[in-house]
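Undergrad: The listed protein sequences correspond, in order, to chains A and B. Position 184, counted from 1, in the first sequence is what UniProt numbering calls 184; the numbers after and before it change by one each time, with no gaps. Position 166, counted from 1, in the second sequence is what UniProt numbering calls 166; the numbers after and before it change by one each time, with no gaps.
A couple of the hints might just be wrong.
What the hints assert, rightly or not - Derived DSS-like pairs: lysine-lysine, alpha-carbon spacing no greater than 30 Å straight-line: (1) K228(A) <-> K307(B); (2) K307(B) <-> K13(A); (3) K310(A) <-> K228(A); (4) K59(B) <-> K331(B); (5) K109(B) <-> K141(B); (6) K141(B) <-> K234(B).
As the list claims (entries may be wrong) - Facing chain A, according to a computed beta carbon distance under 7 Å, are these residues of chain B, among others: (7) S263; (8) L281; (9) R282; (10) D292.
Keep in mind that the hints were calculated from the coordinates and are not lab data. Quick caveat, the model's predicted, so the values are computed rather than measured. C-beta atoms are modelled at their ideal positions from N, C-alpha and C, and glycine is treated no differently.
Each chain, written out:
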Amino acid sequence: MIELNELTDAAQKAFPADKLSPARDASWELTAEMGWMMVRLPEDDGGLGLDREASTAIHFEMGRVLSCAPLIPAQLGLQAVIASQTLAERADWLERLSAGEYAPLHMLPANVDVAADGTVSGTVGGVLEGDMAVAVVAKLPTGYALIPTDAEGVELIERPVWDPSRRLFDLVLTGYAPDPALMLSDAEGAAALHDILGPEAHLALAADCLGGATAALALTVEYLGMRKQFDRPLAMFQALKHRVADMKIRITTAEALLWSRARDPQAARLQIAGLKALATDVYQFVTEEMIQLHGGIGLTEEHQCHLFMKRAMLNLQLCGSLDWLNERVGAEALAALS
Amino acid sequence: MTDTANLEALRSEVRSFLEAEKPTDWRDASRTQEDFVQTQRDWFARLVQAGYAIPHWPKEFPGGGRSLAEQKVIYEELAKADCPRLLLSFVSTYHAFATLHECASEAQKAQYMPRILEGETWCQGFSEPGAGSDLAALKCKAVREVRDGQEVYVVNGQKIWSTMAQFADMCLLLVRTSSEGVKQAGITYLLMDMKTPGVSVSPIHQIQGDEEFAEIFLDNVVIPVEQRVGEEGKGWAVAQATLASERGLTLMELSYRMRGALSRVASLIREHGREQDRGVLRDFGALVNEVDAVCAIADQFLDNRIKGLERIGDASIVKNSYSRALRAYSKLGVRLGGIDEQYVKPITFGDLNTGNWMADFMNSYAWSIAGGSEEVQRNIIAERMLEMPREPKNWVL
């Protein structure tokens with residue numbers, strides 16, 4: 001049994017804190033070498049069979065270094081395959097994906113129509129690092145499907161985003177005929193699969209946020225301690241200290257919720273959705289403060305502040321926005337408390 | 001495994017006791033301060049009898065000798081069952097107990113500890129009008145004299161923010177016996193009988209109509225030297241024992257209670273027909289998340305303490321997170337309640353989440369100011385956890 005701190009230590013060694021956003025392709029190779037795609041793969045399928053806490057620990061560390069390697073959509077794509085009861089060559093796909101072939105789950109909504117002949121046209125949004133993908137796990141009206149990126153009627157179009165640690169693509173389908181052998185679920189099974197993948201996505205993104213927020217806070221404290229004005233370090237001014245303390249309070253509190261949800265196999269879907277909402281809100285707050293507290297240098301591209309802020313802003317929108325998730329949590333709590 | 005089994009056995013034991021015995025009408029019975037005090041005395045006596053009032057005391061006391069993990073179970077169940085919080089006896093069972101247990105003489109322990117279980121209540125005479133966040137600046141003056149052949153302290157001064165002092169039998173009193181050296185060095189710790197001539201108490205009328213705190217005026221109050229805890233001038237160290245007496249259980253209990261009281265917000269949303277209002281649902285959802293997170297951090301704090309992993313500043317984070325969520329909770333109630341909440345309604349003593357939203361909102365300041373203000377906690381977090389430098393101490397106006 002691998003201990004959690006061993007995973008964390010290994011991650012910190014492989015991805016040191018002083019190298020933010022290390023190059024994507026090398027990071028991805030390293031990720032596969034570390035066996036991180038095996039972490040959530042059940043032992044029966046040849047994986048490590050570790051639980052949510054383990055993958056959460058890794059995503060936290062990847063958030064801390066603003067990793068460009070798309071581990072989150074890759075893990076979600078793999079989990080869709082693991083959970084699939086209809087995929088023809090499931091074992092083969094599991095082997096390929098756990099060895100490092102990339103088939104991400106899309107992280108923004110799909111807007112597609114199915115024609116009378118069964119072909120699909122429209123756009124599947126939020127395919128991270130689509131240029132690396134051999135296939136995309138997409139939620140179609142007919143069910144979840146593995147869509148090979150080189151298939152006819154399939155095109156990946158890059159949509160440049162502000163966050164330089166990620167590349168986003170639209171998967172554009174034009175009369176694409178889904179391969180029945182590559183269906184991961186039927187239309188009915190899609191809801192169940194969505195309920196499995198949703199909490200995993202939210203937990204992973206929350207970890208990414210809070211890892212990033214932790215690094216952003218550390219850099220801010222370091223900067224305020226070093227930068228001198230009025231013959232003293234900025235860190236001595238109480239007006240600034242209190243703002244930093246609030247960053248610490250909000251990160252630590254959200255992190256307590258992160259681990260409590262990660263360790264609770266009974267955590268409800270919307271409890272984890274609520275965690276994602278809270279964590280993205282905290283990350284946004286922390287990175288906003290980070291830039292302001294850095295002053296002029298925080299506005300420059302040469303400094304790292306903007307990398308955190310841009311990632312926080314993108315995370316807010318992936319797999320359900322703050323408003324949408326909070327509304328769902330509120331409606332569910334209202335129903336539960338009647 | 002046996003630990004877990006033991007804890008679960010305790011949990012079901014407490015649960016069955018509470019199902020049979022918990023007071024259900026305590027809010028209605030707490031519309032006046034006097035009635036509130038009576039319900040508090042009754043419930044405390046019942047819990048002492050059942051063995052759940054003083055789980056943190058040593059095991060020679062009935063109901064004592066419980067581990068922190070067991071204490072947590074008891075408090076969780078008390079909170080979930082929505083029982084009255086033990087407010088009136090809080091200072092006696094925690095602050096007075098810790099002070100006596102850790103610093104007092106055997107004679108003092110034997111004299112006072114059993115009386116606490118019989119219902120004697122204590123208050124804390126620490127803060128002064130000029131010594132709030134800066135407690136060590138206190139001025140209440142004690143002069144050592146011989147009167148009628150007995151060595152005594154003659155005390156003059158004023159104390160403030162003493163919880164329930166108007167009902168207290170005894171007081172944990174910090175006085176200044178010397179002005180030499182650093183301000184902490186001249187402080188002495190005394191145990192004062194509230195019936196001593198020269199002691200007068202005046203309740204403080206809070207903005208929501210409660211009288212949870214009082215001022216204590218000391219006019220030539222004579223206190224025998226035997227009532228001192230620790231040495232003269234060493235009271236500051238004793239006060240640290242008092243202040244460290246309760247760490248985490250109350251905030252965990254209060255967080256759980258706030259989570260239980262989210263149903264009050266839900267009722268309010270329905271009463272006002274806002275179930276379909278998406279903005280309201282968003283705000284409610286954000287509150288639910290925040291309260292869940294506060295419960296998680298309060299839990300984590302206690303779990304770390306049980307494992308001996310508490311770090312400086314952890315408690316400050318829990319306190320500020322709780323007070324922030326409590327403000328958000330009560331403010332959402334005020335907003336959703338609309339004009340209704342501006343009409344005065346009777347308050348309920350001894351509860352922070354009563355559903356009288358303006359009163360709850362005003363009461364929430366007790367947690368952002370009392371027990372070390374949010375600002376003091378932020379200093380602790382910044383300077384002692386994040387190791388940011390202190391501000392220079394000497395300055396001239």
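Undergrad: Give a verdict on every hint.
TA: Hint check:
For the given pair, K228(A) sits about 40 Å from K307(B) by alpha-carbon distance, which is inconsistent with the 30 Å threshold. A threshold of 30 Å between alpha carbons decides the hint, and for K307(B) with K13(A) the separation of about 27 Å falls inside it, so the pair holds. The hinted pair formed by K310(A) and K228(A) meets the criterion: a straight-line CA distance of about 27 Å does not exceed 30 Å. Between the alpha carbons of K59(B) and K331(B) the distance comes to roughly 43 Å, so the proposed pair goes past 30 Å and is violated.
For the hint linking K109(B) to K141(B), the alpha-carbon distance of about 26 Å falls within 30 Å, and the restraint holds. Note on K141(B) and K234(B): the hinted pairing holds, with a Cα-Cα distance of about 15 Å set against a maximum of 30 Å. Given hint, S263(B) at the interface with chain A, holds; its Cβ is 4 Å from that chain's nearest Cβ, closer than 7 Å. Annotation: interface hint on L281(B) holds; nearest CB of chain A at approximately 4 Å, less than 7 Å.
Checking R282(B) against chain A by beta carbon gives a least distance of about 4 Å; that is within 7 Å, so the hint holds. About 6 Å separates the beta-carbon of D292(B) from the nearest beta-carbon of chain A, less than 7 Å, and the hint is met.
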